[in-house]
Amino acid sequence: MNIHEYQAKELLTKFGADNPRGSVARTAAEAEKAAHDLGTDSIVVKAQIHAGGRGKGAFTNGFQGGVHLCKTVGQARDIADKMIGQTLVTHQTGPEGRLVNQVLVAESVEIEKEFYFAILMDRATGAPVIVASREGGMDIEEVAARSPEKILREAVDPAFGLQPYQTRKLAKELGFAPGQMRAAGKLFAALYRCFISSDCSMVEINPLVLTKGGEVLALDAKFSFDDNALFRHPDIVALRDIGEEDPREVAASKHHLSYIGLDGNIGCMVNGAGLAMATMDIIKHHGGDPANFLDVGGGASEEQVTEAFKILLSDAKVKAILVNIFGGIMRCDVIAQGILNAVKAVKLEIPLVVRLEGTNVEQGRKLLAESGLPIVTATDLDTAASEIVKLAKS
Amino acid sequence: MSVLVDKNTRLVVQGITGKSGAFHTRNCMEYGTNVVAGVTPARGGEKFDDKVPVFDTVHEARQETGCNATMIFVPPEFAADAILEAADAGVELIVCITEGIPVMDMMRVKEKLKASPSRLIGPNCPGIVTPGQCKIGIMPGYIHKPGHIGVVSRSGTLTYEAVWQLTSRGVGQSTCIGIGGDPIIGTTTLDAVQLFAGDPDTHGIILIGEIGGSAEEEAAAWLKAHCDKPVAGFIAGATAPPGRRMGHAGAIISGGKGTAAAKKDALRDAGIAVAETPSTIADTLLAVMK
Chain A
2 MNIHEYQAKE
12 LLTKFGADNP
22 RGSVARTAAE
32 AEKAAHDLGT
42 DSIVVKAQIH
52 AGGRGKGAFT
62 NGFQGGVHLC
72 KTVGQARDIA
82 DKMIGQTLVT
92 HQTGPEGRLV
102 NQVLVAESVE
112 IEKEFYFAIL
122 MDRATGAPVI
132 VASREGGMDI
142 EEVAARSPEK
152 ILREAVDPAF
162 GLQPYQTRKL
172 AKELGFAPGQ
182 MRAAGKLFAA
192 LYRCFISSDC
202 SMVEINPLVL
212 TKGGEVLALD
222 AKFSFDDNAL
232 FRHPDIVALR
242 DIGEEDPREV
252 AASKHHLSYI
262 GLDGNIGCMV
272 NGAGLAMATM
282 DIIKHHGGDP
292 ANFLDVGGGA
302 SEEQVTEAFK
312 ILLSDAKVKA
322 ILVNIFGGIM
332 RCDVIAQGIL
342 NAVKAVKLEI
352 PLVVRLEGTN
362 VEQGRKLLAE
372 SGLPIVTATD
382 LDTAASEIVK
392 LAKS
Chain B
1497 MSVLVDKNTR
1507 LVVQGITGKS
1517 GAFHTRNCME
1527 YGTNVVAGVT
1537 PARGGEKFDD
1547 KVPVFDTVHE
1557 ARQETGCNAT
1567 MIFVPPEFAA
1577 DAILEAADAG
1587 VELIVCITEG
1597 IPVMDMMRVK
1607 EKLKASPSRL
1617 IGPNCPGIVT
1627 PGQCKIGIMP
1637 GYIHKPGHIG
1647 VVSRSGTLTY
1657 EAVWQLTSRG
1667 VGQSTCIGIG
1677 GDPIIGTTTL
1687 DAVQLFAGDP
1697 DTHGIILIGE
1707 IGGSAEEEAA
1717 AWLKAHCDKP
1727 VAGFIAGATA
1737 PPGRRMGHAG
1747 AIISGGKGTA
1757 AAKKDALRDA
1767 GIAVAETPST
1777 IADTLLAVMK
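Each protein sequence line maps, in turn, to chains A and B.
Here the first sequence stands for residues 2 to 395, where the numbers follow my numbering.
Here the second sequence stands for residues 1497 to 1786, where the numbers follow my numbering.
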């Protein structure tokens, strides 16, 4: 789940992580008020969409750029007026672009130095690790590849959390002057609290800046949340903006299915994430292209299978469907019944190959065979994959 | 011979009265697993299927039945607590089937278990089976056959795929371990291959991995230095787009790391035969065992 920049700022502020002053505006009038409240002649207005590359993007109404610096309150209002309700296209949105419903009106700070600062869960140690660098504002992967010595790593003991000595060490190694170390340490500690308390899998601040005025601020924040922990964070769930998501993925998540849209034309429905990936791989191996990753999970119900199948059928790109089930928790007869229900509800006009194995496989195969539907059944994965690729091409 | 579980395993099931817990407990019992107890808080004193005594706590179950392994089917909100309870009661092997446990919870559990003699398998895993002797988990029993191949995998259904291929070719398994697809797990790929390397009755190993993390690379490096048993590997996710979580919380390519290509290279570099498609996993191993 992703959140908007203005929401990230609000979350930072909640945990005491200093960031440039500003607020969200949904109308030109709100933008005018927000700019006025800032009381500065250094204002930035930023279109709020989840995709990156906003500054270089263009609106479909011809207005250029989703990020603008303004000197006056009036300017800020005019810019906001040109953005709100318009569609912004960037290199990450695809040609259809994204509708801008709100803008962030914030103080534009003068930057002395930029840093990179991230907290993430280190799988190798099972504990959080802080990754930081003096090379802020750039692609951290490039920095890591070019000059790995410029990347600092500080492991955090999960039992104790980030200790003050660690924040001092980080501040020192990042080159903060003695007078700024306190502010830097305060920000690092606040970011760590935010990471832990919000069940994040990553908080990335790029850049974290030292301003000409000597403040240490989180200038931009990217959050990744642990989906498994969202049940205990209704406040974070409320930040979800469904308009920013792939409608197929929204439909799938409603039914607790794991779905990711891809570019191919072979719809896949598989149980288990590993087998789902392996099924995509073998389709590719046989010269086909998967239209999606879809894991119906361990204990999916008949209804979930039906919904999963409907999502596949609703995708106009899908020219053939492969169902690959190896039942453990999942029973093959449940899968078969779910498919039959879906096919009854939505007319099946494309080829369908079903490969079933595992718990209650005989009942499952029998249900499909007796349905009288034009379903191709396969008993092994290789045959199923080569068959579906052939059918998708014909 | 086998690793971790055999006919002497005495199993307790935490969450035995829930829908999944009950269904899979019955399957395990049918398979021949010695299920000696169940635990469901506030249901102590009942009998599961008129046979298995149910207790309120794992401590009681341990005291009364001498259970030495547990299978956890507790919902994700409470699963971390269930793991800690089992470890506190001294249960030697903890198999946590539950999917969807918050990573922060597992971080704390992993930290706590460092000082505990208990071994955790999972969470979010199919479990462990020593064919013909003991099945702890949700894998279909009939696909297995007693034999000499050790199987370790991060993915449940993909394990079944590989095991079924072996069994269909008449080749049995010593023990199959599904270690789970989460970012933080108890027993790692490396731990599992070390167990198989030290088991005289395991003659060959199948290692099934997927994108994300570096578990396969670590196991490969160890195998290269310490083990001369034949090993075949498969890595799922060659076609997965970077930055997207592929179902498993642990299956994500981030920062150019954890790609299938890099993992396959690491396996090959360690002398491990790599299966190019999931349908050739068993044949790839059998080819190097000839």
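Calculated from the structure, these hints are not laboratory results.
Hints are not guaranteed to be accurate.
Simulated pairs of lysine to aspartate or glutamate, DMTMM-like, Cα-Cα distance not exceeding 25 Å [said to hold, decoys possible]:
(1) B:1608 with A:33
(2) B:1606 with A:245
(3) B:1606 with B:1577
(4) A:57 with A:111
(5) B:1753 with A:221
(6) A:72 with A:136
(7) A:285 with A:381
(8) B:1515 with A:303
(9) B:1641 with A:200
(10) B:1753 with A:383
(11) B:1753 with A:150
(12) B:1753 with B:1772
(13) A:170 with A:205
(14) A:114 with A:158
(15) B:1641 with A:205
(16) B:1786 with A:383
(17) B:1606 with A:383
Simulated restraints on C-beta separations [said to hold, decoys possible]:
(18) A:251 with B:1552: 37 to 47 Å
(19) B:1539 with A:161: 33 to 43 Å
(20) B:1543 with A:223: 28 to 38 Å
(21) A:304 with B:1543: 41 to 51 Å
(22) A:347 with B:1514: 51 to 61 Å
(23) A:395 with B:1714: 39 to 49 Å
(24) B:1545 with A:370: 48 to 58 Å
(25) A:151 with B:1502: 31 to 41 Å
So these bits of chain A aren't anywhere near chain B, every CB distance computed over 12 Å [said to hold, decoys possible]:
(26) 62
(27) 122
(28) 200
(29) 221
(30) 259
(31) 272
(32) 275
(33) 305
(34) 315
(35) 381
Note that beta-carbon positions come from the ideal geometry of N, C-alpha and C, so glycine has one too.
Structure-based check of all given hints:
Taking the CA atoms of residue 1608 of chain B and residue 33 of chain A, the gap is about 53 Å. The hint is violated against a cut of 25 Å. A distance of roughly 36 Å separates the Cα atoms of residue 1606 of chain B and residue 245 of chain A; the hinted pair therefore is violated under the 25 Å criterion. Using a Cα cut-off of 25 Å, the hinted pair residue 1606 of chain B and residue 1577 of chain B holds, with the two alpha carbons roughly 12 Å apart. For the given pair, residue 57 of chain A sits about 21 Å from residue 111 of chain A by alpha-carbon distance, which is consistent with the 25 Å threshold.
The straight-line distance between the Cα atoms of residue 1753 of chain B and residue 221 of chain A is roughly 24 Å, inside the 25 Å bound, and the hint therefore holds. Of the supplied pair hints, the one linking residue 72 of chain A and residue 136 of chain A is violated, its CA atoms being roughly 29 Å apart against a limit of 25 Å. In summary, the hint linking residue 285 of chain A to residue 381 of chain A is supported, as the alpha carbons are separated by about 17 Å, within the 25 Å threshold. This hinted pair checks out: residue 1515 of chain B and residue 303 of chain A have alpha carbons roughly 15 Å apart, not beyond 25 Å.
Note on residue 1641 of chain B and residue 200 of chain A: the hinted pairing is violated, with a Cα-Cα distance of about 42 Å set against a maximum of 25 Å. For a cut-off of 25 Å, the pair hint linking residue 1753 of chain B to residue 383 of chain A is broken: about 29 Å separates their Cα positions. Pair hint residue 1753 of chain B plus residue 150 of chain A holds up; C-alpha atoms about 18 Å apart against a cutoff of 25 Å. In summary, the hint linking residue 1753 of chain B to residue 1772 of chain B is supported, as the alpha carbons are separated by about 20 Å, within the 25 Å threshold.
Between residue 170 of chain A and residue 205 of chain A the CA atoms are separated by roughly 19 Å; this keeps the pair inside 25 Å, and the hint holds. Restraint check for residue 114 of chain A and residue 158 of chain A: not satisfied, since their Cα atoms lie roughly 29 Å apart, outside the 25 Å limit. Restraint check for residue 1641 of chain B and residue 205 of chain A: the C-alpha separation of about 48 Å exceeds 25 Å, so the hint is violated. As the CA atoms of residue 1786 of chain B and residue 383 of chain A are separated by approximately 23 Å, the hinted pair is consistent with the 25 Å bound.
At most 25 Å may separate the alpha-carbon atoms for a hinted pair to count; residue 1606 of chain B and residue 383 of chain A exceed this at roughly 39 Å. For residue 251 of chain A and residue 1552 of chain B, the hinted distance range of 37 to 47 Å is satisfied, since their beta carbons lie about 42 Å from each other. Between residue 1539 of chain B and residue 161 of chain A the beta carbon distance is about 38 Å. The supplied range of 33 to 43 Å therefore holds. In this structure the supplied range 28 to 38 Å is violated for residue 1543 of chain B paired with residue 223 of chain A, their Cβ-Cβ distance being about 53 Å.
At about 33 Å, the beta-carbon gap between residue 304 of chain A and residue 1543 of chain B misses the expected band of 41 to 51 Å. Checking the proposed 51 to 61 Å range against residue 347 of chain A and residue 1514 of chain B shows it is violated: the Cβ atoms sit about 33 Å from each other. The supplied range of 39 to 49 Å is met by residue 395 of chain A and residue 1714 of chain B, whose beta-carbon atoms lie about 45 Å from each other. Separated by about 33 Å at the C-beta atoms, residue 1545 of chain B and residue 370 of chain A break the suggested range of 48 to 58 Å.
Between residue 151 of chain A and residue 1502 of chain B, the C-beta spacing of about 52 Å breaks the proposed range 31 to 41 Å. Chain B leaves residue 62 of chain A outside its interface by the beta-carbon criterion, the shortest separation being 30 Å against a cut-off of 12 Å. With a closest Cβ-Cβ approach of about 6 Å to chain B, residue 122 of chain A is found to fall inside the 12 Å limit, against its non-interface label. For residue 200 of chain A, the non-interface assignment is contradicted: its Cβ lies about 5 Å from the closest Cβ of chain B, within the 12 Å cut-off.
Its beta-carbon lying about 18 Å from the closest one in chain B, residue 221 of chain A satisfies the requirement of being farther than 12 Å from that chain. Residue placement check: residue 259 of chain A does not keep its beta carbon more than 12 Å from all beta carbons of chain B (closest about 4 Å). Its beta-carbon lying about 6 Å from the closest one in chain B, residue 272 of chain A breaks the requirement of being farther than 12 Å from that chain. Non-interface status of residue 275 of chain A relative to chain B is broken: a Cβ of that chain comes within 12 Å, the nearest being about 2 Å off.
Interface exclusion of residue 305 of chain A from chain B stands, the closest Cβ pair being 14 Å apart, more than 12 Å. For residue 315 of chain A, the non-interface assignment is confirmed: its Cβ lies about 20 Å from the closest Cβ of chain B, beyond the 12 Å cut-off. At roughly 6 Å, the least C-beta separation between residue 381 of chain A and chain B is not larger than 12 Å, which violates its mark as non-interface.
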